[in-house]
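Chain A is fixed; fit chains B, C and D onto it per the hints.
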Amino acid sequence: MSAPAEAARIALSAAPRRWWPASRQGGRDPGAPSWLTLMVFLAPALVLYAGLTAYPVIRTFADSLYDLENMDAPRFIGLAHFVQIWSDETFLRAIRNTLVWSFIAPFLDVATGLLLALCLYAGVPFARFLRIAWFTPVLLSYVVVSILWLWIYNYDWGALNLALRAVGLDGWTRAWLGESNTALAALMVTHAWKWAGFNMVVCLAALHALPSEVLEAAELDHCGWAAKLRHIIIPLMRPTLLNLYILAFIGKMKVFDLVWIMTQGGPMWSTETVSTYVYKRAFAWNTFDLGYPSAIAVVWFIIVLAAAALLHLAFRQREKLEY
Amino acid sequence: MATVQLQDVCKRYGGVGSLAAVQDVSLTVADGEFMVLLGPSGCGKSTTLRMIAGLESISDGRLAIDGRPMNAVPAKDRDIAMVFQSYALYPHMTVAENLSFGLKRRGTPRAEIERRVNETAEMLGLTEYLARRPAALSGGQRQRVALGRAIVREPKVFLFDEPLSNLDAALRVATRNELTRLHRRLGATMIYVTHDQVEAMTMGSRICVMNRGRIAQVGAPLDVYRNPADTFVARFLGSPPMNLLPARLHRTPTGARVHVAGSEFPLTRWSDAALANIDEVTFGIRPEDMHLLPAAAPPQPAISGTVASVEPLGAETLLLVDTKGGEVTARLHRDTAARPGETVRLAVPASAAYLFDPDGRAIAADRVPQDEALN
Amino acid sequence: MQAQRWGDRLSALLRRGPLLAVLVLYTLYTTLPFLWVGAMSLRTTAEISADHYGLPSPAHWGKFRAAWVDSNFAGYFWNSTVVVVSAVAIVTILGAMAAHALARYKFPGNRLLYFILFSSIIFPPQIVLLSLFQILVNYNLYNTRAGLILVYVSLQLPLTVFILEAFFARIPQDLFEAARIDGYTDFQIFLRIVVPVGMPAIVTTVILNFVHLWNEYLFAVVLVSDEDLRTLPVGIQRFMGDYFQDIGMIATGVMIAVIPVIVVYTFFSEKLIQGMTAGAVK
Amino acid sequence: MSQRLSGWLRASAAALGLLASAPTAIAQPTAANPQTVTMWSHWPDEASKRGYVEGRVRAFETSNPQCRVRLSFIQKADIYTSARAAVRTGQAPDIFWLEPDEIAFARNGFLEPLDKYVDLNGLEDWARASWTHNGRVYGLPLEAYTVELYYNRERVRALGVEVPGNGQMGQAQFTDLVRRGVAAGVTPLAQGVADRPFPGAYFLEEVLLRRLGPDDYRKLLTGRLSFRDPRVMAAMTWMRELVDIGAYPRSMATLKLGESHYYFHTNPGALMFPIASWYTGRAFVPPESGGQPAGFPLGLMQYPAMENSDCPECKTLAVGGSYVMYSRSRNKECAGALLNSFVNIESGNQWMEGVLLQTGIRTDPSRISGINAPYFRELQQRSEGARFFIGTPLQYMTGRCADTFQQVLNRALPGGQITPQDAATQMDAACAAAPQ
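These protein sequence lines map, in sequence, to chains A, B, C and D. Counting in my numbering, the first sequence tops out at residue 441, every number present. Counting in my numbering, the second sequence tops out at residue 377, every number present. Counting in my numbering, the third sequence tops out at residue 283, every number present. Counting in my numbering, the fourth sequence tops out at residue 623, every number present.
Treat the hints as calculated values from the structure; they're not laboratory data. One should not assume that every hint holds.
Quick list of simulated restraints, FRET-style, between CB atoms [said to hold, decoys possible]: (1) 9/B x 431/A: 55 to 61 Å; (2) 204/C x 170/B: 41 to 47 Å; (3) 222/B x 179/C: 51 to 57 Å; (4) 424/A x 108/B: 43 to 49 Å; (5) 424/A x 59/C: 55 to 61 Å; (6) 433/A x 59/C: 52 to 58 Å; (7) 59/C x 476/D: 18 to 24 Å.
BS3-like mimics (lysine-lysine), calculated; alpha carbons at most 30 Å apart, straight line [claimed, not checked]: (8) 443/D x 263/D; (9) 443/D x 64/C; (10) 406/D x 263/D; (11) 263/D x 398/A; (12) 263/D x 303/D; (13) 78/B x 106/B; (14) 398/A x 372/A; (15) 406/D x 398/A; (16) 158/B x 106/B; (17) 78/B x 158/B; (18) 372/A x 272/C; (19) 64/C x 263/D; (20) 372/A x 443/D; (21) 398/A x 443/D; (22) 263/D x 519/D; (23) 263/D x 372/A; (24) 519/D x 303/D.
Short derived list, chain C residues pointing at chain A, Cβ under 8 Å [claimed, not checked]: (25) 27; (26) 38; (27) 95; (28) 152; (29) 219; (30) 259; (31) 274.
No residue lacks a Cβ here, since even glycine has one placed at the ideal position from N, Cα and C.
So here's chain A without its partners, still in its complex pose (with noise of 0.2 Å):
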């Protein structure tokens, strides 16, 4: 980060985190809007807002108590959908597939992210051009990911495929995406391939933003690279490690395109994740009901809030660090 930019940093940290103080004494309080002023501000975006965001998600909860399949003439079936649901065996198998994913993959992900950063930060030739390099996969769709993986997945001439026969072992070449217990696999690390350099990006900047001194320090107290990345580094890096943990746990939660293009839910559903299960319920399955769909939705919607409140309360209390 270059220095005006770190100033500018600082500068902007120190300003006291929210102005107006806690308790303001009598009189009309000037920081008090005019209620015309404050419509005019926030009208606009809460209309937008509650029309397709919040009366959708309402909506949802209400169709999940229907069943939609005539859509001119609704029949309420009450919880049947949700009853039904928990018997859906493709249904748990989409959410144990999901959570595995959004649960483990984080932690190689943000490793990886570490790992990388740690390098450049250690000063390695034309760093400034790998860490633009390594930034490019997060900029592309999952669409045109999907097609170059599949193409690197491909049995016969994939680029996978080729280089373990070029190295001689052919017996580990395998339909990648075609087999049940090797397709996940596949599809998480083409999710970490694409999602690894936004880690990275993120431990540089906090690795640039650690105070040069208690290395330092930490170098007179006779600790070597290596005894300074586990004693300081690391855990001065913890509160940014556990916020890549959060976001890459809600991103991989959501991940839809790269599912139904490469695999539409895999051999024998090994791939089948909670979006694409819904979407297939939805659009791709010969009926019409949206109800049960949305049933699925609102299950997984309560899924997702609950985990990322628990993950954000468990990392919260020990993330009081300020240096």
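This is chains B, C and D only, laid out in the frame that chain A set:
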């Protein structure tokens, strides 16, 4: 404890030809000595300290501790402790962990660590804060933890990088005395970097004044104060700084006389040999060495001028006088009755005068001064 | 502010050590697939199936024109541009105004409103998608660019408000008091002070929203079925279905979709990276 | 507050809605203001079918100036997704392509019965049956196909195997052929299931049909016969045996339908290709656009009959691509006329001659001519005396049963990733019909 030798040490950022931050510094810090590196910001004192600590690579020249060459030895193996200006405490560790971290890294047995940490905490009054994190301590307490971290290590050399600059005035004075007492008690070799001359004068067994990457002068505080090697050292030590006025010499059969600020008087302390082939000089006189001459005073070396402003400081009064050679400051008794606009004569005792050659280097006085009134 | 000290010694290790090999391998890992597609986009499918990793010796630039004209990529590109640019413009204006109100004015429910907006960043898209499709039908905005634009604005609103509110809240209070003394109205304060001072954050959200929406697929594929209104991501995916044997043409299509993002990236790489990571560094 | 808000919302949205197509009054189509019929058809990459459909539509436009047709060719999967969403919105195309397994469209009242628009007895009765729901016909069965077993005559002869006169091998002989193929390094059965839910199961279906006979086979498909029935288990076990020998290509899971054609006849080339007779749509085109090479020794085999098969002469005949009309279309007159223009002997013959594929429209096969006529005659000959079973499994299965069929029988079993027992239990769990 240990001696520290620097031999023609240089530090260049960038290629060989680029500007040297530190140029040919040669300095020997004796065992148990409290050496102060003094100088304005950017004079290379901190860079020198960091080179000793191993935090900066040495471009060329040799560094040795206890005779052992240190150039190639990494910082972690130099058995040196350093107190940083911003304390550099480990924010994620408690005070106890901060103190014991260095010892743990060197594999000191647990019981020994326990003993030394408690002993040092006791000495610095930190016992009740051992379980706290640095964020929960005041500036003074953090500073003492940083100090404790160094003491616990019982290193060969202590290094201090302007440790007091973040403290408020009262705390700074208290901590200064504590450091001096600590030095006496530990008898450790200490190298202390500061830009505050008061700290240098009061704490240093010897002072090394640095200017633009070079050593201007090394010596006991009072020696350096009394016999500044050049105009820079002269003005840097002493507050308000020494008055330096352009002057011209001319030789007379009875000895050399100096022409300064419109007055003229003989130079009794300099032999003709010392002043050989020098015409233009800089005349120096410290504000405290001058005193007001009443109108009837007998003729003696003095300079006259009109009072520009009077600054009563309570314990004494500063007088700013405009003379032909430039503005002069005099430190006089607090009840001095002088008012701006008056014309005054300020006595310039021969014993207190300094002469500097055109390059700013001091010209040594080689004759014993006799105080006589001679016009 | 890089730890030069620690860097010097480790990079010495790196130069000789295996880590440099890891770096080279990782760089290939991220850039080679991209270059591979770039090469393929200039070769015909026959050439490709003969040798999948050959270089585009006779580069067929004509393929780009063919994809652009015959396979209606011009249409997809135009749709994407219209939808994404107008969505980003609207969301930036609305987001900035809402963020300013939330950051600057103290009114009951301020924090509640902020929390609601902030929490909807975490919402899985399905909770909104299913009923949004039916709602757009009721507003007869289904299968229209206007509908997609409004949906995209509501999708990106929470993130925009989150980033801008954090930045606007840090603008020192005395700037405002000075302006109020000079007689500025609330709106003038917003236009004359908040927007210029907050410009770095605003540019960040513009770039962030542009990249997100340019690559958006799920809502586009559900909410627009008319072939003429199709955006680029959906276009490429359908294109892949139509010519699934014609790998060369798919590669060309992929390159056309990627070029604008790369152009934005080459000019704003620093800003973009900083923007994408703004919220993440603690 | 929310009441006022939603009211306000509707008003503003309605205003916005005006931007979209304003509903026009239903006007009788005249040359002056022609009705524009939007028509979505599948087969974007099958040149011969595309040519036929475009030809008929242009011919219709010239003879009916009052109607204009906006024809577009879209992949089947995308037609289904878009149509399923569009029919609810009143903005679906007037005519679009469906297969009989999408009868749900009719059940939900989204399709217009064609009885009023199309000359019904111009259609084969079995074809009409596939599209009949509550006594009304909802689809024009343009494409019909039988499930055939194509093979490369030279490669089979090169292995020293003689195909019996009626083209049907026994179980042992067929297994031996597969073994020899694998030994010679030639993939016995080309197949690709990456983008279609049915090709992997063709071989098993046909073997089951011949082993069970039509009635039990229908019971199996409608969940009234368990997959654990010994005859079904025997068929699946035999198929798994062939898979274990290496009958199918290892890249089957990621090979697309079009690519599997290419795999069979050009690169790398296979012994046999179990596919429907619409193989011609992709194969009988110039080689550079994916067709089979010139002079390709194409042969037609009957699917092998296992020991004690109840109906070795049985064969699947199914209606494929058909056109349906949208119930809320505003251009029913032109759309109806357009569909009707397909239903005559001359149009049927033109389809068979051009596409070399059966059709649900009544035709007079004797008048077929054209360079590929011998293939067509062999195709007719292979269907001589066959007892037809109408429809493929996906036309009988829906919802979870169809999804499980696609994952288990279409991908996992031929991919060798599931044992027959597991396959049977999963299919039964998903498809067992509630006891009537």
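Evaluation of the provided hints:
{"no.": "1", "hint": "9/B x 431/A: 55 to 61 Å", "result": "60 Å, holds"}
{"no.": "2", "hint": "204/C x 170/B: 41 to 47 Å", "result": "42 Å, holds"}
{"no.": "3", "hint": "222/B x 179/C: 51 to 57 Å", "result": "55 Å, holds"}
{"no.": "4", "hint": "424/A x 108/B: 43 to 49 Å", "result": "48 Å, holds"}
{"no.": "5", "hint": "424/A x 59/C: 55 to 61 Å", "result": "58 Å, holds"}
{"no.": "6", "hint": "433/A x 59/C: 52 to 58 Å", "result": "56 Å, holds"}
{"no.": "7", "hint": "59/C x 476/D: 18 to 24 Å", "result": "20 Å, holds"}
{"no.": "8", "hint": "443/D x 263/D", "result": "14 Å, holds"}
{"no.": "9", "hint": "443/D x 64/C", "result": "23 Å, holds"}
{"no.": "10", "hint": "406/D x 263/D", "result": "28 Å, holds"}
{"no.": "11", "hint": "263/D x 398/A", "result": "15 Å, holds"}
{"no.": "12", "hint": "263/D x 303/D", "result": "27 Å, holds"}
{"no.": "13", "hint": "78/B x 106/B", "result": "13 Å, holds"}
{"no.": "14", "hint": "398/A x 372/A", "result": "15 Å, holds"}
{"no.": "15", "hint": "406/D x 398/A", "result": "27 Å, holds"}
{"no.": "16", "hint": "158/B x 106/B", "result": "18 Å, holds"}
{"no.": "17", "hint": "78/B x 158/B", "result": "13 Å, holds"}
{"no.": "18", "hint": "372/A x 272/C", "result": "26 Å, holds"}
{"no.": "19", "hint": "64/C x 263/D", "result": "26 Å, holds"}
{"no.": "20", "hint": "372/A x 443/D", "result": "27 Å, holds"}
{"no.": "21", "hint": "398/A x 443/D", "result": "20 Å, holds"}
{"no.": "22", "hint": "263/D x 519/D", "result": "23 Å, holds"}
{"no.": "23", "hint": "263/D x 372/A", "result": "27 Å, holds"}
{"no.": "24", "hint": "519/D x 303/D", "result": "11 Å, holds"}
{"no.": "25", "hint": "27", "result": "7 Å, holds"}
{"no.": "26", "hint": "38", "result": "6 Å, holds"}
{"no.": "27", "hint": "95", "result": "4 Å, holds"}
{"no.": "28", "hint": "152", "result": "6 Å, holds"}
{"no.": "29", "hint": "219", "result": "5 Å, holds"}
{"no.": "30", "hint": "259", "result": "6 Å, holds"}
{"no.": "31", "hint": "274", "result": "5 Å, holds"}
No hint from the list above goes unmet by this structure.
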